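Quick note: the sequence shown, position 191, residue 196 per the working numbering, numbers continuous.
These are computed hints drawn from the structure, not numbers from a lab. All clues stand as given, with none of them false.
DEER-style ranges, computed between Cβ atoms:
(1) Asp623 with Cys245: 24 to 34 angstroms
(2) Asn409 with Asp227: 35 to 45 angstroms
(3) Asp276 with Asp239: 34 to 44 angstroms
(4) Asp623 with Lys423: 46 to 56 angstroms
(5) Gln577 with Pro158: 53 to 63 angstroms
On a predicted model such as this, the values are computed, not experimentally measured, just so you know. Backbone N, C-alpha and C define an ideal beta-carbon position, used for all residues, glycine too.
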Amino acid sequence: MIYEKKKKLSIKGYELQEAQLSLLRKHSEIEVSFQCLPNPHKSTSVSKLSKLKRIFAERGARGTAVFIYQKMINKRQKVQDYQHWLEKNSFAKPDIQLAKRQIKSWELKPTFSIIVPVYNVDRKWLVKSIESVRNQIYPYWELCLADDASPKPHIKKILDSYIQKDARIKAVYRKENGNISAASNSALEIATGDYIALLDHDDTLTIDALYENAKLINKHPDADFIYSDEDKIDTQDKRCDPFFKPQWSPDYFHGCMYTCHLGVYRKTIIDEIGGFRSDYDGAQDYDLVLRVVEKTKNIYHIPKVLYSWRVIPTSTASNSDAKPWAYIAAQKALESMIERSPYPGWVEEGPRFGFFRVRRKIVDDPLVSIVIPSAGKSADIEGKTIQLLENCIDSIRKLSTYRNFEFVIVDGFNIPEKTIEAISGEDLTLLRCDQPFNLPMRINIGVKKAKGDFLLLLNDDIEVITPDWIESMLELAQQEEVGAVGAKLFFPNETIQHAGVVVLGGNPGHACYGYPHEHPGYFLSNIINRNYFAVTGACLMMRSQLYRELGGFDEYFPLNYNDVDLCLKAHQAGYRNVVTPYAQLYHYESVSRDKGLQPGEWQKFNDKWEKYFKETGDDPYYNPNLSNDGKFEIASLSA
Numbered sequence: 006m007i008y009e010k011k012k013k014l015s016i017k018g019y020e021l022q023e024a025q026l027s028l029l030r031k032h033s034e035i036e037v038s039f040q041c042l043p044n045p046h047k048s049t050s051v052s053k054l055s056k057l058k059r060i061f062a063e064r065g066a067r068g069t070a071v072f073i074y075q076k077m078i079n080k081r082q083k084v085q086d087y088q089h090w091l092e093k094n095s096f097a098k099p100d101i102q103l104a105k106r107q108i109k110s111w112e113l114k115p116t117f118s119i120i121v122p123v124y125n126v127d128r129k130w131l132v133k134s135i136e137s138v139r140n141q142i143y144p145y146w147e148l149c150l151a152d153d154a155s156p157k158p159h160i161k162k163i164l165d166s167y168i169q170k171d172a173r174i175k176a177v178y179r180k181e182n183g184n185i186s187a188a189s190n191s192a193l194e195i196a197t198g199d200y201i202a203l204l205d206h207d208d209t210l211t212i213d214a215l216y217e218n219a220k221l222i223n224k225h226p227d228a229d230f231i232y233s234d235e236d237k238i239d240t241q242d243k244r245c246d247p248f249f250k251p252q253w254s255p256d257y258f259h260g261c262m263y264t265c266h267l268g269v270y271r272k273t274i275i276d277e278i279g280g281f282r283s284d285y286d287g288a289q290d291y292d293l294v295l296r297v298v299e300k301t302k303n304i305y306h307i308p309k310v311l312y313s314w315r316v317i318p319t320s321t322a323s324n325s326d327a328k329p330w331a332y333i334a335a336q337k338a339l340e341s342m343i344e345r346s347p348y349p350g351w352v353e354e355g356p357r358f359g360f361f362r363v364r365r366k367i368v369d370d371p372l373v374s375i376v377i378p379s380a381g382k383s384a385d386i387e388g389k390t391i392q393l394l395e396n397c398i399d400s401i402r403k404l405s406t407y408r409n410f411e412f413v414i415v416d417g418f419n420i421p422e423k424t425i426e427a428i429s430g431e432d433l434t435l436l437r438c439d440q441p442f443n444l445p446m447r448i449n450i451g452v453k454k455a456k457g458d459f460l461l462l463l464n465d466d467i468e469v470i471t472p473d474w475i476e477s478m479l480e481l482a483q484q485e486e487v488g489a490v491g492a493k494l495f496f497p498n499e500t501i502q503h504a505g506v507v508v509l510g511g512n513p514g515h516a517c518y519g520y521p522h523e524h525p526g527y528f529l530s531n532i533i534n535r536n537y538f539a540v541t542g543a544c545l546m547m548r549s550q551l552y553r554e555l556g557g558f559d560e561y562f563p564l565n566y567n568d569v570d571l572c573l574k575a576h577q578a579g580y581r582n583v584v585t586p587y588a589q590l591y592h593y594e595s596v597s598r599d600k601g602l603q604p605g606e607w608q609k610f611n612d613k614w615e616k617y618f619k620e621t622g623d624d625p626y627y628n629p630n631l632s633n634d635g636k637f638e639i640a641s642l643s644a
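Kindly produce the complete structure, drawing on both the sequences and the hints.
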C-alpha cells in the first residue's frame with residue numbers, strides 16, 4: 006500500500022527508529038509501506054498490521070503516521086513512569102528491617118518449595134534466577150531444581166555449586182529429556198514444603214516475594230492459591246511492562262492465563278490433582294490452575310509486583326510467536342476443563358493470538374423476557390429523527406438470531422399511539438404505570454409480568470449491532486455462579502459507552518468511557534469476557550429466579566445507581582458479574598431522560614454500601630496500583 010509523497014516510512018508493528026521519528030516530526034505526509042513477515046499463525050505482528058491497515062483507510066498516511074508517533078511517545082512515557090513507580094514502591098532498607106521483625110512475630114511460618122525446571126539456560130540467567138531466591142527476606146524456603154538432561158555442561162556445575170553453598174537448595178538430574186512438565190514433576194518429588202511456588206529458570210523474584218505470600222497466609226490461613234502482579238525484565242535488568250491484575254476473575258481467566266506469575270499453591274492440592282500433565286506442555290501451568298480452582302475457592306491476589314519475566318528471544322515474554330505450541334496447548338487445556346464442567350461447550354480462538362473464547366451450549370432454548378421501560382421519546386441521531394422504542398424493537402426483531410423472546414414494555418402513558426401500533430405483536434405486552442417516574446419501579450412491574458426464565462433489562466435507546474448478542478449473554482447468564490451479564494455498548498460515533506462498571510471510592514464509572522471502539526483495553530480486557538463489579542442496566546441479563554431472590558431493583562434509587570446496586574447485591578451473595586464484548590449494541594445514552602445525579606443519590610448509595618466496600622477493599626476487579634479514573638492506566642505518581 007504505497008502513496009507517493011516525500012520520504013518513506015517503513016512500519017513493522019509499532020517499532021520506529023529515531024531517524025523515522027524525526028521524519029514524522031518534519032513531514033506532514035509520508036509514503037507508507039506495511040511490512041510483515043509471513044507467519045502461519047495469527048501472530049501479534051499480523052494483528053498489528055491489520056489494525057494499521059484499518060487506521061490507514063480511516064485516517065490516511067498523515068493520520069497513520071501521527072497515530073504511530075503518539076503510540077511511541079506514550080510507550081516511552083509509560084516506561085519512564087514505571088521506573089519512577091518502582092523507585093517509590095520497591096522495598097527499601099527500613100522496609101526490610103521491619104519485615105524481618107514481623108516474620109519473627111508470625112504464628113505461621115510456612116515453607117515454600119520453589120519449583121524450577123532447568124534446561125540449557127544461559128549461565129547468567131540461571132545464576133540471577135537462583136540468586137533472586139537466595140536474596141529473599143523470608144528465610145523459610147527450599148529451592149527444588151530439576152535439570153531436564155541438559156547437554157550443556159555448565160548447568161550441572163552451577164547446580165552442584167549452589168547445593169554446596171546453601172542447604173536449602175537441592176537438585177535432581179533427569180537421565181533423559183522429558184520436557185517442562187516431566188521436569189517440574191521431578192522437582193515436585195523432592196519438595197517438602199507447605200506451598201509450591203513456580204519459577205522459570207531465567208526469571209527472577211523480588212526480594213519480598215515470599216515475605217508477601219507468607220504475610221497473606223498469616224492473615225488468611227485458608228489460602229490455597231495465591232497469585233501476584235508481574236512485570237518484564239530485559240537483558241540489562243531493566244524492568245518494564247507491569248501487569249496489574251484483578252482479583253480472581255474466572256471468566257477473564259478462561260480468556261487468558263492472566264494469573265501466571267507468581268503462582269503459589271498449597272502442596273496438598275497439587276499432590277491431589279497429580280501435578281503437571283505432559284500432554285499440556287507449553288501451557289502446563291494453565292492446565293494446573295484450571296484444575297486447582299476446581300478444588301478450592303480460597304484464592305487470593307497480592308496487588309504487588311513480585312515476579313519479573315525475562316525478555317529474551319526464546320521467551321513468550323518477548324513476543325507471542327516465540328512458542329506458538331504453547332497456545333495450542335492452552336486451548337487443549339481449556340477443552341479439557343470444559344469436559345469436566347457441568348456446562349458443555351467448546352473453545353474458539355479469541356480476538357488475538359493466544360487469547361480464547363470459551364463457548365457454552367445454551368440449555369433448552371429458554372424464553373428471554375426483554376423488559377423495557379420507555380418514555381416514548383424520539384431523538385435526532387446523525388441528522389435523522391428516530392423514535393427510540395420503535396427503533397430498538399425493530400432492530401431486535403430484524404437482527405437477532407435468538408428467537409425465543411418476549412417484550413414487556415412499561416411506560417407512563419406517554420408512548421405515542423402510532424408507536425404502539427408499530428411495535429404491537431404477539432410477542433409484546435404493554436404495561437402502563439401512572440406513578441411518578443421511578444425506573445426501578447417500572448422495571449419491577451415489568452418483571453412481575455415477565456414469563457421467561459431469563460430477564461433482559463434494556464433501555465429503549467438501544468440498537469442491535471451483533472445478531473447473536475442474546476446468545477452471547479445467555480450462555481453466561483445460564484451458569485449458576487453468574488449474577489448479572491452486561492454487553493459492550495457504543496455511542497453512535499463508535500466510541501465506547503460501556504465495557505464494564507468500576508466502583509472506586511464509592512463512585513461508579515464506566516471503564517474506558519469514550520475510548521475508540523477498537524481499543525483493546527488493559528491486557529485485552531475490552532475484547533474478551535471479563536468480570537466486573539457491576540454492569541449497566543441499559544443492557545443487563547440475569548436469571549429471573551436470581552433477580553427475585555436478590556429483591557430486584559431497589560426503588561430507593563429512582564434514577565441512578567439502581568443497576569450498580571443490583572450487581573453489588575449479586576456479588577455480595579457470592580455471584581460474579583460478567584461483561585461480554587461479543588454482545589455489541591449502540592446506546593443513545595440517556596436520550597429518554599435527563600442526565601445527572603439527583604440531590605442525595607450518591608450519599609444514599611454510599612451509606613448502603615460503604616461497609617461492603619471496606620470488606621472488598623474497593624473494587625476487587627480493579628487493581629489499586631491503577632489510576633482512580635477507571636482508565637486502566639498506572640496510578641498517578643504524584644499521588
